[in-house]
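Undergrad: In case you want the letters, here they are:
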Amino acid sequence: MGDVVTAEAGTRALLCECAGTMGRNLDFDVLERELAAPAVTVERRAMWCGREAKGRLVELLELGDAAGRLLLVGCSSDFAARRLQGLTDRGLRLESADIREGCSWVHGDAREAVTDKALRIAEAAIRFPARQQRRVAPRPSANRVAVVGGGVAGAQAAVELARMGHPVDLLERRPFIGGRATAIGAVFPTGDCGPCLPATAAQSGVRKCLYRNVALDHPNLRIRRRTTVQSVSGRAGDFTVQVRGLPEMVGDECIDCGLCEEACPVPGPGGQPTAIAGEAYDGRVLRSIDLDSCTFCGACAQVCPVDAIELTPAAELEELHVGAVVIATGCEPAPGHLVTHLGYGRSHVMTQVELAKKLDSWQEQSWQGRAPARHLVMIQCAGSRDQRRLPYCSRLCCMIAIKHAIRLRELFPEMRVTICFQELRTPGARDETWYLAARRAGVEFVRGSPAAVQIDGDGRPLIELEDIGAAELRRLRPDLVVLSTGLVPAEESVEVARLVGAPLDGDGFVAQLDAKNRTTETRADGVFVCGSASGPKTIAECITDAAAAAARVHDYLTSGGRQDVCAATVDAAACVGCGACVDACPFGALGLVDREAGTLRPAGVRPDAQVAVVDADVCRGCGICAASCPELAITHALDDETLLSRLRLVAGGVESPVVGFTCAECAAATFNLSGQRRDRYPERVRLIELPCLGRLSALHLVEAARLGASGVFLAGCVEGRCHYQRGDTSAAEQVILARDLVTQMGRVMPIEQWHLCAVDHTGIGHRLRSFCDRVDEPQAGATARFAAADGARGSASPVGTR
Amino acid sequence: MPLSARGRRIAGDLRGATPGVSPGVLGCEVVRHDELCVGCGRCVSACPTGAMRQDEWFDPAQLFSAPAGTGRGALAAALRRIARHQPSGPFRVPDRVRTFRRILFSADLCAGCGACVRACPTGAVEASPVPVGDAEVAARGLVPAGVGT
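Sequences listed follow chains Y and Z, in order. Using numbering that gives the first Met the number 0, you'd call the opening residue of the first sequence number 0 and step up by one each time. Using numbering that gives the first Met the number 0, you'd call the opening residue of the second sequence number 0 and step up by one each time.
Hints were generated in silico from the structure; no laboratory data involved. As the structure is a prediction and not an experimental result, all values here were calculated from the model. Glycine included, each C-beta is placed from N, C-alpha and C at the ideal position. Do not take every clue at face value.
Unchecked claim - Residues of chain Z placed beyond 10 Å of chain Y at every Cβ, according to the derived structure:
1. VAL37
2. ALA77
3. ARG97
4. THR98
Said to hold, decoys possible - Chain Y is faced by these chain Z residues, among others (derived, beta-carbon under 7 Å):
5. ALA76
6. LEU78
7. ALA118
8. PRO120
9. GLY122
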């Protein structure tokens, strides 16, 4: 924890004339005179970002705390940060009072009025500072990474991280790494076997064979097969992961003779003939015993000529201390019950996954010239893109079908292969060539998807569908139907995500922090995701994604923590322990704990009631908790008193002000750019900047009404793109409350919420001007228009007189 | 009225309560003080019989009766300052507005278990135990409830 900075040395206001560009409507003599106060020193310069002035800033920087709190009265904080970046990088801490983009440049020549507004903006910043805190959230303390899932993505991420110098634990539930790719056979787009191992040795870029080479052999890498995650505790950057490892039981002495498999009397899981089974891996056929089906009869150990089998059933629990967790648990084929309407479960109907397994054995039939079917029909989007089943597109099924169709035509040139599709999606690199190859190979494509697959009296499938291309109804009587089912999140994904506290998206995959530029992070700090765990991906995409995730993890583990976030605090003497803040916090930074004995508590609250606490390391300082607290017991960096004082000062001195609350992210960018374009709007628009609109509560809006505001607008990020995830929805709720409360008190004050992004800067001036015009319209008309503009809320009708 | 499965589970966690008993026998009378309520809904999730219900209305009158010195009191005071007339009554709010939502209490559904009293952080729900004679307790086969503080 750092210390809260107090302005003991007073405030030093650095008044900037911005090279005379503000002289048109600002009287700097008045500003200099009025701002000076006992604890305020004013230093006025023609340009504070000029070379000469920068020398002075260096002096102030060297003075340190003795220089006092530095406040630039000039341009916006964004612009100042850019111009003075070299100094801020060296530790200069400069706040800004924006009288340029937010005042002088956007207003007309009414010198007195504009100067008064600038004075109010500067004074609000000087007299009511936000709490600052010089603290750095703790850095991740462990260098180690746990990668959960040893499929293509997990293995790639683990190797990348190991090569970057992080000790990595690769946790794989199954006895083999390689994941689903090992079960596929040949894959697109290369047409060879699924997983090639990422090279761990010096020969980077060289492909290694999963089946031939010694698996993954980097000294930083520890592969834990047959291992699952039991629990995760600790905080971001310092997790304790408890893992449960099943014993190997088949030791290194094994010579791959396979006698044990012949001796085993117990059937294994999922149609596997015996409980002990081998899989080509790591340069040999590796045998493993399925513990769930094994009866420990000892038959295998008896026949083993080299005594490699030791039946010790005890699982081992181990604790790993890691700085980051990567979820790479992948996806799995959709369960069959989703496609029973297409005949799944009956004979002659199978999924693409089952077909893939059959293709290997069919190779032999092809040499004998016997085709397993005369006519084979593939049905695309089976259960996918269907609101009742899987609402999303699994992205891979089209290519899988095309790949299988080509293979079938190669093996059995006389077999008729038909693909029924709604849309074929082949957007990947070289995917279109596969589609063209399928056409050349004689695969028949029919646009149209059957609603059902019927089975006739002979047990043969009957498909009726509308061929959209030919505009006719078609009946197909294939010998075999293959359903291209979608992909669903792996069961472990859901479990692991729950353990580490990473939320899932609407489709059940691990939610990405941001769909655009933070795709490998989850909403839980220190938890990353790659591969199909966040949505179905091709092998190529998984590898790219894994490398991206590894780079992110490396950055997370080696860079410093978040800086200068002033965490919210809870006043235990006012907190009633209702838990509203706990539900409201998007980051899980708040929790309810038992009240310490003897502490002050609000009247009526029982001694054993709980109290909310903020985890300062997790808090991002958005203020949503403070807005949601019915008792105003949470102090944000911009506390209620400061915010209300600023509001009173800034909104004062003008007849019927229009108050705008802007967030410091997208809306600030919009207003700054608009200001630099000098898009003019009336002086009575008074802007208050908040870290996030989520900080705003009904109380502040009611106060604006008390100050005689003729209209209030809230400008924040684009809908659903709040930088603090839920700030816009929190603000929207408060707006609903405030709107009704203000109306019930007999006032008319339109409140609008705007969703902006920086590209809106060209239109924001016009929007402000028209908003000012609208709030001035005669009452009845204005209300009707606002009610109509709002759509969702039409109950604002009984309006009193103003 | 028989208890729901969830009700039995909640009632089973209570001291002195016997899961499966019919309402009204657990012994205390529940009184709500709306002026102390912040509308968090903890009593609603604690109530085994559905006697506590959060509806979709927001009542400014409840806010105005909040004691001075509390956070709700501050909002009420701010509203009083802008008031041109008395608020006309409750208004409907969307589901996602959680705080300050009105809580309705139906005494005829109340089992008198006191779970809401324990759940309420602000002391807005109060329970006074109704004295139950020992003979009556024995006749009903109940352990006297230590519920309801």
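Undergrad: Indicate, hint by hint, whether the structure satisfies it.
TA: Against the structure, the hints come out as follows:
1. Listed as outside the interface, VAL37(Z) is inconsistent with that label: its C-beta sits roughly 4 Å from the nearest C-beta of chain Y, within the 10 Å cut-off.
2. At roughly 5 Å, the least C-beta separation between ALA77(Z) and chain Y is not larger than 10 Å, which violates its mark as non-interface.
3. Distance to chain Y contradicts ARG97(Z) as a non-interface residue, since its nearest Cβ pair spans about 6 Å, not more than 10 Å.
4. Not every beta carbon of chain Y lies more than 10 Å from that of THR98(Z), the smallest distance being close to 5 Å; the non-interface claim is violated.
5. At its closest, the beta carbon of ALA76(Z) sits 10 Å from a beta carbon of chain Y; the interface hint therefore is violated under the 7 Å criterion.
6. A distance limit of 7 Å between C-beta atoms decides the matter here; for LEU78(Z) the minimum to chain Y is near 6 Å, and the interface restraint holds.
7. Checking ALA118(Z) against chain Y by beta carbon gives a least distance of about 10 Å; that is not within 7 Å, so the hint is violated.
8. A least Cβ separation of about 4 Å between PRO120(Z) and chain Y falls short of the 7 Å threshold, and the interface hint therefore holds.
9. Taking 7 Å as the C-beta cut-off, the interface hint given for GLY122(Z) holds, the closest approach to chain Y being about 4 Å.
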